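Residue numbers (this note's numbering), protein chains in the order written: chain F, 206 to 548; chain Z, 206 to 548.
Hints are computed from structural coordinates only; laboratory data are not their basis. Relax, there's no trap hidden among the hints.
No copy labels: a pair is met if it fits in one copy or bridges any two.
Computed cross-link-like contacts, DMTMM-like style, restricted to lysine to aspartate or glutamate with a CA-CA straight-line distance of at most 25 Å:
#1 303 / 283
#2 498 / 462
#3 492 / 515
#4 498 / 337
#5 492 / 283
Remember, predicted model here, so these are calculated numbers, not experimental data.
2 protein chains.
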Amino acid sequence: MTHTEATSRISFEKLVTVLEQIFAKHGVSSVNARVLAVNCATCERDGSLSHGIFRIPGYVGSLKSGWVDGCAVPVVREFGPAFIRVDAMNGFAQPALKAAMPRVIEMAMTSGAAVVAIKDSHHFSALWPDLEPLAKAGFVALSMVSGLACVAPPGGTVPVFGTNPIAFATPVAGRLPLIFDYATSTMSNGDLQLAARAGEHVEIGTGVDKEGKLTTEPNVILLGGAMLPFGGHKGAATALMVEIMASALTGGQFSSEVDISAHPGAETSKTGQVLIVIDPNRGGNFKFADRVKTLTQSLRIAGQSRLPSDRRYATRALSDKSGIPISAEQLRELTSLASTDIP
Amino acid sequence: MTHTEATSRISFEKLVTVLEQIFAKHGVSSVNARVLAVNCATCERDGSLSHGIFRIPGYVGSLKSGWVDGCAVPVVREFGPAFIRVDAMNGFAQPALKAAMPRVIEMAMTSGAAVVAIKDSHHFSALWPDLEPLAKAGFVALSMVSGLACVAPPGGTVPVFGTNPIAFATPVAGRLPLIFDYATSTMSNGDLQLAARAGEHVEIGTGVDKEGKLTTEPNVILLGGAMLPFGGHKGAATALMVEIMASALTGGQFSSEVDISAHPGAETSKTGQVLIVIDPNRGGNFKFADRVKTLTQSLRIAGQSRLPSDRRYATRALSDKSGIPISAEQLRELTSLASTDIP
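Using the sequences plus the hints, can you model the full thing?
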């Protein structure tokens, strides 16, 4: 799924409207539909295609099977000046986070830091859209999400971790925020599925078969095997931290505890998300965003041609100017989903 | 430097006493000497040999050259219910952290979370000893430290990052805390130096020469070249996060801003350290440490034979029983350093 198949372009606003209709048609409340549609369109606009409209069938499958509650009303509770728990009530994570956001920002401003622990939430998108508004407001933010078990620990054969992404955002003076957002698995699940469909092999080290032997066959990894964490034992430790923070600390389910077998077609995970927000200027006699700018300049001078999020912002600029590329087939699919009533 | 050369064993208390004498002889205040000696002996006891007595000449070099202030009295200031800044006053990081610790724990208990930003500090040890007491007290803790620039960003030739370690600790019901602590570089500086001394090659991907070409020669990496971050662009993003958190947010120097050229013999870095402490049980109707225990059990069942910190605790148990292995040569060196007055 690349932009080269595109046969037309759609405005961000128009895409949001179509996606809102799809979510609404499949049982999502209007307030939640808006949040999910903006999130999904944002990913598509920025070229995060594996978290854009590519994911709509998965959203719809989870909704149709009754696995996720599109009308969930998150319950936000504060436990002290720097700690918020959100029960997503088996709804999507983004509306749960949005419900907490005004207080998160006030807390970080007043207390210097705030932790948000969301449980029983379905996060089925990238993490960077959650963090960008916080970095734009001057905060640094770190988030972690657990998922459906598909990653084995080192030396193991049984999946325990989800792709367990981790993301970090920081303001940079005079520029859009610097944000990284990566799966702690060797690949994203979406990319592995795409490789399988394309009949391509993956790099050795990506995953193992059901006996724990390394394989380059995506289908062997997907069917009974497991991916591995990126970066050897260090990446594995990072995946473990994400599991502990996003599932244990939040009071949610571990990736390996999620059982979607009774919900055919469901693709989202009911786990949790943790968010740490810090006011980097608090009590400091320096301008944090200026310092980060100095650092990014050092990196470019040292030879790093592309920093995290550079490519997304370039794609965003193109989309903002000329519209978001969309193929005729994609548009047909979306239009069809938008006009389908729930059976 | 392995335990096999050992010709005798020394008790933890005795080793602490000898190390305290060394620090005191080289201009460290008694309160700071105690903190550093316990930290260093703890590393040696647990088999973290590259952060144990192996580091003493480096400590002494930094002290003798006037680069670090062994008598520094850290200045601790609070900025709200969840934020502490510490100016280490060009002293070591561990006494600075210790000075803040009682309030950090109170804050985390009262507010749910606490952030400690230490600047102008020299951290020349492992991070796990900083975190273990917090996890034993029931908190999760995450720490990051920047250092002397020796790691180039992806595609680069000039070092910008230090080895920039990151560490995470969590309680586990009925066991010692689970802690990981890893350099975001491909190797630790100490291990690279040991490979150079032994005339060994390192794996391709470890580092580059001064033209940015990959090399397996440790000396080429050390002299004019640079190490690379672990784990490709994901590890590089993690190294960047550590640099932003430990240097920019703290108000300290970046790894590439540290200039020790006027202090021959100095080896420590004057950068910063950040620590995030969270009360994982706050407001939750579950037992966090029990949940982590369940997760560690899943990992072992899935085939992961060794979890982070397993090996250290096994070494600790041996040391506690039979004493800490020490070679005759090491003991002579330490005794000599302990009785040397500053010139």
